[in-house]
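S.K.: Listed below, chain by chain, are the residues.
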Amino acid sequence: GESVGLHLPTLSVQEGDNSIINCAYSNSASDYFIWYKQESGKGPQFIIDIRSNMDKRQGQRVTVLLNKTVKHLSLQIAATQPGDSAVYFCAENMTGRRALTFGSGTRLQVQP
Amino acid sequence: ETGVTQTPRHLVMGMTNKKSLKCEQHLGHNAMYWYKQSAKKPLELMFVYNFKEQTENNSVPSRFSPECPNSSHLFLHLHTLQPEDSALYLCASSQDGGPGTDTQYFGPGTRLTVL
Numbered sequence: 169g170e171s172v173g174l175h176l177p178t179l180s181v182q183e184g185d186n187s188i189i190n191c192a193y194s195n196s197a198s199d200y201f202i203w204y205k206q207e208s209g210k211g212p213q214f215i216i217d218i219r220s221n222m223d224k225r226q227g228q229r230v231t232v233l234l235n236k237t238v239k240h241l242s243l244q245i246a247a248t249q250p251g252d253s254a255v256y257f258c259a260e261n262m263t264g265r266r267a268l269t270f271g272s273g274t275r276l277q278v279q280p
Numbered sequence: 078e079t080g081v082t083q084t085p086r087h088l089v090m091g092m093t094n095k096k097s098l099k100c101e102q103h104l105g106h107n108a109m110y111w112y113k114q115s116a117k118k119p120l121e122l123m124f125v126y127n128f129k130e131q132t133e134n135n136s137v138p139s140r141f142s143p144e145c146p147n148s149s150h151l152f153l154h155l156h157t158l159q160p161e162d163s164a165l166y167l168c169a170s171s172q173d174g175g176p177g178t179d180t181q182y183f184g185p186g187t188r189l190t191v192l
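Quick note, the sequences are listed as chains S and X, same order.
Converting from the first sequence to the numbering used here requires adding 168 to each position, the first position being numbered 1.
Converting from the second sequence to the numbering used here requires adding 77 to each position, the first position being numbered 1.
Next up, chain X with everything else stripped away, as it sits in the complex (with noise of 0.2 Å):
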């Protein structure tokens, strides 16, 4: 295990449904990401939180809304998906000694399906 945990570890949901997926770092890091992986395209980040602050948002559709309440917990909240959202969702955690330094811990992923 990677210290990183996720829940849940599959999820279906309507288009109309309202989710949150949850992101749990036992590593002591304070950077924490939500990548999306699907089977179209390779890894894709989506959002960075270092010390809770957002520093990085890669033009996500605002029906995935980031929640970093402190440095271990992170959360995807889900509203009104399209089925192409279908993905495994990833969350990863590092150290952030800085730009260029960090390695990324990956936990074990969502698999997320939209109806």
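Just chain S, with the same shape it has in the complex (with noise of 0.2 Å):
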């Protein structure tokens, strides 16, 4: 699978856990941060985004922070259940570029 050689971080909760994943970015250029969640056999799927003119966004279930000053960005799940076990990707975006530079990755695997 896409793990194989790439060795990615792994979260495991019990199902009805919080969750909280953890993202560091480089670029203080950065102006834009969105978080992806990956399925097995599936393209990532947009979950939540943030512009660096925030520090707290709340989505369904999930809440993305930003702390521009360490340049972290974290996702929150509550109440974590088993169909959010996947790969979570965040995504950074400079300003005056269009494309995303993406983290390599956070497994996360509910415990029923």
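Among these hints, one or two may not hold up.
Using 25 Å as the maximum straight-line C-alpha spacing, the simulated DSS-like pairs for lysine-lysine come out as follows [stated by the list, open to error]:
| no. | chain 1 | residue 1 | chain 2 | residue 2 |
| --- | --- | --- | --- | --- |
| 1 | X | K99 | S | K239 |
| 2 | S | K239 | X | K118 |
| 3 | X | K96 | S | K210 |
| 4 | X | K129 | X | K96 |
| 5 | S | K224 | S | K239 |
| 6 | X | K129 | X | K117 |
| 7 | X | K99 | S | K210 |
| 8 | X | K118 | X | K96 |
| 9 | X | K129 | X | K113 |
| 10 | X | K118 | X | K129 |
| 11 | X | K117 | X | K96 |
| 12 | X | K113 | X | K99 |
| 13 | S | K210 | X | K117 |
| 14 | X | K113 | X | K96 |
| 15 | S | K224 | S | K236 |
| 16 | X | K95 | X | K129 |
| 17 | S | K210 | X | K113 |
| 18 | X | K129 | X | K99 |
Partial chain S-side listing against chain X, Cβ under 8 Å, derived [said to hold, decoys possible]:
| no. | residue |
| --- | --- |
| 19 | Y193 |
| 20 | K210 |
| 21 | D217 |
| 22 | F270 |
| 23 | G271 |
Think of the hints as simulated: they come from the structure by calculation, not from any bench.
A virtual CB, placed ideally from N, CA and C, is assigned to each residue, including glycine.
Combine the two chains into a complex, taking the hints into account.
M.R.: This is the structure:
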């Protein structure tokens, strides 16, 4: 599968618990950030985004936090469900560029 | 479904073959992208097209040749590939409200194996 040769950090949680997935970005010129979810055999699916003029944004069961001081992004999933099991990627977009730069991803495993 | 389709979903080819990957978006977007996702690297941008014009080529070898006949269709022509080109090739599209404002929506990918 995709993870062979690329060691993905894994977060294992119990169903119903809250999950927090972290991402560090390196470019202080990045001003737009996205979290994607990728299930096996599928392309990345948009979850939530945030712009650099915000530090928190909430969606349905998900919250993204942005700390520009330490260049850190996190995704919080409330009441994690088995269907949340996937690889989660953060992506950043630098000012003036159209393309996204992706992190290497975190695998979330939800135990029933 | 995201509104971005890719065909074929799986492709096995020899190093001397010529094949093409197809992407179609039904979202009315103006920007389209090719990404490569391999087992050993994070998702890598290959090409960006905006209003049918190529705006970014991320140092991709010439054995990969993109084509964008209109804003809804994107092709990736493959010839004389190497086994290390085996990967999942993902297409994405975005509205193009300008750099730094676009959410990209991905297709399911084509799983390519080069023998």
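S.K.: Each hint needs a verdict: does it hold in this structure or not?
M.R.: Okay, the hints, checked on the actual structure:
1. The hinted pair formed by X:K99 and S:K239 fails the criterion: a straight-line CA distance of about 37 Å is larger than 25 Å.
2. Under the criterion of a C-alpha separation no larger than 25 Å, the hint pairing S:K239 with X:K118 is consistent with the structure, at around 22 Å.
3. Restraint check for X:K96 and S:K210: the C-alpha separation of about 22 Å stays at or below 25 Å, so the hint holds.
4. Under the criterion of a C-alpha separation no larger than 25 Å, the hint pairing X:K129 with X:K96 is consistent with the structure, at around 21 Å.
5. Proposed proximity of S:K224 and S:K239 is supported: the alpha carbons are some 14 Å apart, at most 25 Å.
6. In summary, the hint linking X:K129 to X:K117 is not supported, as the alpha carbons are separated by about 31 Å, beyond the 25 Å threshold.
7. Taking the CA atoms of X:K99 and S:K210, the gap is near 16 Å; set against the 25 Å cutoff, the hint holds.
8. Among the hinted pairs, X:K118 with X:K96 is consistent with the structure: their alpha-carbon atoms are about 24 Å apart, no more than 25 Å.
9. Taken as a hint, the X:K129 and X:K113 pair is honoured in the structure, with Cα atoms around 20 Å apart against an allowance of 25 Å.
10. A C-alpha spacing of about 28 Å is found between X:K118 and X:K129, which places the hinted pair above 25 Å, so the restraint is violated.
11. A C-alpha spacing of about 24 Å is found between X:K117 and X:K96, which places the hinted pair at or below 25 Å, so the restraint holds.
12. At roughly 14 Å between alpha-carbon atoms, X:K113 and X:K99 fall within 25 Å of each other, so this suggested pair holds.
13. A threshold of 25 Å between alpha carbons decides the hint, and for S:K210 with X:K117 the separation of about 18 Å falls inside it, so the pair holds.
14. A threshold of 25 Å between alpha carbons decides the hint, and for X:K113 with X:K96 the separation of about 16 Å falls inside it, so the pair holds.
15. Only pairs whose Cα atoms come within 25 Å are accepted, and S:K224 paired with S:K236 is accepted, the gap being roughly 11 Å.
16. Under the criterion of a C-alpha separation no larger than 25 Å, the hint pairing X:K95 with X:K129 is consistent with the structure, at around 23 Å.
17. Of the supplied pair hints, the one linking S:K210 and X:K113 holds, its CA atoms being roughly 14 Å apart against a limit of 25 Å.
18. Restraint check for X:K129 and X:K99: satisfied, since their Cα atoms lie roughly 15 Å apart, inside the 25 Å limit.
19. With a cut of 8 Å, the hint placing S:Y193 at the interface with chain X is violated, because the nearest CB-to-CB distance is about 13 Å.
20. Here the hint on S:K210 is kept, as its CB sits about 6 Å from the closest CB of chain X, short of 8 Å.
21. Residue-level restraint check for S:D217 holds (minimum Cβ-Cβ distance to chain X is 6 Å; threshold 8 Å).
22. The interface hint given for S:F270 holds, since its Cβ lies 4 Å from the closest Cβ of chain X, which is under the 8 Å cut-off.
23. The closest approach between the C-beta of S:G271 and any C-beta of chain X is roughly 6 Å, which is under the 8 Å cut-off, so the hint is satisfied.
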